[in-house]
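Undergrad: Sequence:
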Amino acid sequence: MRILRKSKSVEILLQLLNGPSYVRELVSKVGGSAQTVEMRIQELMKEGLVTEEVWEAWPFRKMLKLTDRGK
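For the record, in the sequence shown the residue sitting at position 57 is 64 according to the working numbering, with numbers rising by one throughout.
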């Protein structure tokens, strides 16, 4: 899987092994730019490794967690 060779992919997955996390929390925990982390999250979701739950009401947040495939 090529996605695992890209920067921050493994770090994101390792953080999510500890449990679900908000995007902003992941950015601060794995370091790097928010843009890179967001891009990686999108790629991990496309590969079916990560899923997100979006709150439609205030506060608007995205909770990320590993799928069974991502574990």
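No wet-lab data here; the hints were simulated from the structure.
Since we're looking at a predicted model, the values are computed, not measured.
The C-beta atom is built at its ideal place from N, Cα and C for all residues, glycine as well.
Do not rely on the hints blindly, as some may be mistaken.
Result set (EDC-like, lysine to aspartate or glutamate): computed pairs, CA atoms no more than 20 angstroms apart in a straight line [said to hold, decoys possible]:
id, residue 1, residue 2
1, LYS72, GLU45
2, LYS78, GLU50
3, LYS69, GLU59
4, LYS69, GLU50
5, LYS15, GLU45
6, LYS72, GLU60
7, LYS15, GLU59
8, LYS78, GLU59
9, LYS13, GLU60
10, LYS72, GLU32
11, LYS13, GLU63
12, LYS78, GLU54
13, LYS36, GLU63
14, LYS72, GLU59
15, LYS72, GLU50
16, LYS53, GLU18
17, LYS72, GLU18
18, LYS69, GLU54
19, LYS15, GLU63
20, LYS36, GLU50
21, LYS69, GLU18
22, LYS78, GLU63
23, LYS78, GLU18
24, LYS15, GLU32
25, LYS15, GLU50
26, LYS53, ASP75
27, LYS36, GLU59
28, LYS36, GLU18
29, LYS13, GLU45
30, LYS72, GLU54
31, LYS13, GLU50
Label pairs and their computed distance ranges (CB to CB) [stated by the list, open to error]:
id, residue 1, residue 2, range
32, ALA41, LEU21, 12 to 20 angstroms
33, SER35, LYS13, 15 to 23 angstroms
34, MET8, TRP65, 31 to 39 angstroms
Undergrad: Look at each hint and say if it fits the structure.
TA: Here is what the structure says about each hint:
{"no.": "1", "hint": "LYS72 with GLU45", "in the structure": "holds, 14 angstroms"}
{"no.": "2", "hint": "LYS78 with GLU50", "in the structure": "holds, 16 angstroms"}
{"no.": "3", "hint": "LYS69 with GLU59", "in the structure": "holds, 6 angstroms"}
{"no.": "4", "hint": "LYS69 with GLU50", "in the structure": "holds, 16 angstroms"}
{"no.": "5", "hint": "LYS15 with GLU45", "in the structure": "holds, 10 angstroms"}
{"no.": "6", "hint": "LYS72 with GLU60", "in the structure": "holds, 8 angstroms"}
{"no.": "7", "hint": "LYS15 with GLU59", "in the structure": "holds, 18 angstroms"}
{"no.": "8", "hint": "LYS78 with GLU59", "in the structure": "holds, 15 angstroms"}
{"no.": "9", "hint": "LYS13 with GLU60", "in the structure": "violated, 24 angstroms"}
{"no.": "10", "hint": "LYS72 with GLU32", "in the structure": "holds, 12 angstroms"}
{"no.": "11", "hint": "LYS13 with GLU63", "in the structure": "violated, 31 angstroms"}
{"no.": "12", "hint": "LYS78 with GLU54", "in the structure": "holds, 13 angstroms"}
{"no.": "13", "hint": "LYS36 with GLU63", "in the structure": "violated, 25 angstroms"}
{"no.": "14", "hint": "LYS72 with GLU59", "in the structure": "holds, 6 angstroms"}
{"no.": "15", "hint": "LYS72 with GLU50", "in the structure": "holds, 14 angstroms"}
{"no.": "16", "hint": "LYS53 with GLU18", "in the structure": "holds, 17 angstroms"}
{"no.": "17", "hint": "LYS72 with GLU18", "in the structure": "holds, 13 angstroms"}
{"no.": "18", "hint": "LYS69 with GLU54", "in the structure": "holds, 18 angstroms"}
{"no.": "19", "hint": "LYS15 with GLU63", "in the structure": "violated, 28 angstroms"}
{"no.": "20", "hint": "LYS36 with GLU50", "in the structure": "holds, 19 angstroms"}
{"no.": "21", "hint": "LYS69 with GLU18", "in the structure": "holds, 18 angstroms"}
{"no.": "22", "hint": "LYS78 with GLU63", "in the structure": "violated, 27 angstroms"}
{"no.": "23", "hint": "LYS78 with GLU18", "in the structure": "holds, 13 angstroms"}
{"no.": "24", "hint": "LYS15 with GLU32", "in the structure": "holds, 14 angstroms"}
{"no.": "25", "hint": "LYS15 with GLU50", "in the structure": "holds, 11 angstroms"}
{"no.": "26", "hint": "LYS53 with ASP75", "in the structure": "holds, 14 angstroms"}
{"no.": "27", "hint": "LYS36 with GLU59", "in the structure": "holds, 18 angstroms"}
{"no.": "28", "hint": "LYS36 with GLU18", "in the structure": "holds, 9 angstroms"}
{"no.": "29", "hint": "LYS13 with GLU45", "in the structure": "holds, 13 angstroms"}
{"no.": "30", "hint": "LYS72 with GLU54", "in the structure": "holds, 14 angstroms"}
{"no.": "31", "hint": "LYS13 with GLU50", "in the structure": "holds, 10 angstroms"}
{"no.": "32", "hint": "ALA41 with LEU21: 12 to 20 angstroms", "in the structure": "holds, 18 angstroms"}
{"no.": "33", "hint": "SER35 with LYS13: 15 to 23 angstroms", "in the structure": "holds, 20 angstroms"}
{"no.": "34", "hint": "MET8 with TRP65: 31 to 39 angstroms", "in the structure": "holds, 37 angstroms"}
Checked against the numbered hints above, the structure violates hints 9, 11, 13, 19, 22; every other hint is satisfied.
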